[in-house]
Amino acid sequence: MPKPISCIIVDDEAMARDIIAMHLSKIERINIIAQCSNAVEAFNIISQNDVDLVFLDINMPEITGIAFAKSINKNIKVIFTTAYRDYAVEGFDLQAVDYVMKPISFERLLQAVNRYFEVSGSMSQGNAETEKIQDFIFVRADRQMQKIDFDSIIYIESYSDYIKIHTKDTSTSLSTGKTIVTRETISNIEAKLPKTQFLRLHRSYIVALAEITAFTNELVTIGDKALTISRSYKQEVLKKLEGL
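Its first residue numbered 1, the sequence shown is counted upward by one per residue in our numbering.
No lab work stands behind these hints, which were simulated from the structure alone. Errors might be hidden in some of the hints.
As the list claims (entries may be wrong) - Listed next, the in silico DSS-like pairs over lysine-lysine satisfying Cα-Cα at most 30 Å (straight line):
no., residue 1, residue 2
1, Lys70, Lys168
2, Lys74, Lys168
3, Lys147, Lys178
4, Lys147, Lys70
5, Lys102, Lys168
What the hints assert, rightly or not - Computed Cβ-Cβ distance ranges for the label pairs, DEER-style:
no., residue 1, residue 2, range
6, Gly223, Phe136, 17 to 25 Å
7, Gln48, Arg231, 27 to 35 Å
8, Thr196, Gln235, 13 to 21 Å
9, Thr216, Ile27, 19 to 27 Å
10, Lys195, Arg231, 16 to 24 Å
11, Gln48, Thr216, 17 to 25 Å
12, Lys239, Met15, 30 to 38 Å
13, Glu107, Leu241, 25 to 33 Å
14, Asn38, Asp151, 22 to 30 Å
15, Ile27, Arg183, 32 to 40 Å
16, Glu107, Asp12, 22 to 30 Å
17, Ser204, Asp135, 37 to 45 Å
C-beta atoms are modelled at their ideal positions from N, C-alpha and C, and glycine is treated no differently.
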């Protein structure tokens, strides 16, 4: 079983800390070990505990989030949570995992956490204790957040601001499961998927590599479904498929 990710929340506003904590409580493997109102408290927590991830406000009294991020061990990853866009460039210069603007929605924070799993997983390759990358996402459908395992996804198609996620039932031998419709752009969902498992064919299609049964220069076939490879994606798609 993958180990929990130990994290702390650092923000001088109690309400902001509570909102982030509430969102994180819904995400598997995230273990909040402390909530800190300033950088000094956070320094003390980090000095006494193994911390993997910090959710960090920027505009705090005495020691700013930027200064704090510069001072901690580089193995501790940072997701900035702030109301100010002005610090975005400096935040990413510090190799922050993500820069999340307030007010923070569950969906946006989940996207940042998924990015953390992707980054931390890729960095740990080759280590004896390789950390498993998160293998699922949550999407909003039918008035709730639904969990979708990456292994269950066959392909995704876009309809303007909506997408259809076609899945299979991984618990049986059935090749098809349910189709989940969610209000999301295909580019946003693409950013949440591991590139080692999925491939963008077209502005309207993403496919699971493991589900491809055949391909030509023009089409990718999944079972009895043929999906078009668009001209703008063709070079990248064929390079990827011919290298498999």
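Evaluated hints:
1. Lys70 to Lys168: Not satisfied, since the Cα-Cα distance of roughly 45 Å exceeds 30 Å.
2. Lys74 to Lys168: It is violated: about 40 Å lies between the C-alpha atoms, which goes past 30 Å.
3. Lys147 to Lys178: Distance ~13 Å between Lys147 and Lys178 Cα, so the pair holds.
4. Lys147 to Lys70: violated, 35 Å
5. Lys102 to Lys168: Since the Cα atoms of Lys102 and Lys168 sit roughly 36 Å apart, the hinted pair is violated (cutoff 30 Å).
6. Gly223 to Phe136: 17 to 25 Å: holds, 23 Å
7. Gln48 to Arg231: 27 to 35 Å: About 57 Å separates the Cβ atoms of Gln48 and Arg231, which means 27 to 35 Å is violated.
8. Thr196 to Gln235: 13 to 21 Å: holds, 19 Å
9. Thr216 to Ile27: 19 to 27 Å: violated, 41 Å
10. Lys195 to Arg231: 16 to 24 Å: holds, 21 Å
11. Gln48 to Thr216: 17 to 25 Å: Given range 17 to 25 Å: violated, Cβ gap about 59 Å.
12. Lys239 to Met15: 30 to 38 Å: violated, 49 Å
13. Glu107 to Leu241: 25 to 33 Å: holds, 31 Å
14. Asn38 to Asp151: 22 to 30 Å: violated, 43 Å
15. Ile27 to Arg183: 32 to 40 Å: Given range 32 to 40 Å: violated, Cβ gap about 21 Å.
16. Glu107 to Asp12: 22 to 30 Å: holds, 25 Å
17. Ser204 to Asp135: 37 to 45 Å: violated, 25 Å
Taken one by one, the earlier hints fail for this structure at numbers 1, 2, 4, 5, 7, 9, 11, 12, 14, 15 and 17, listed in ascending order.
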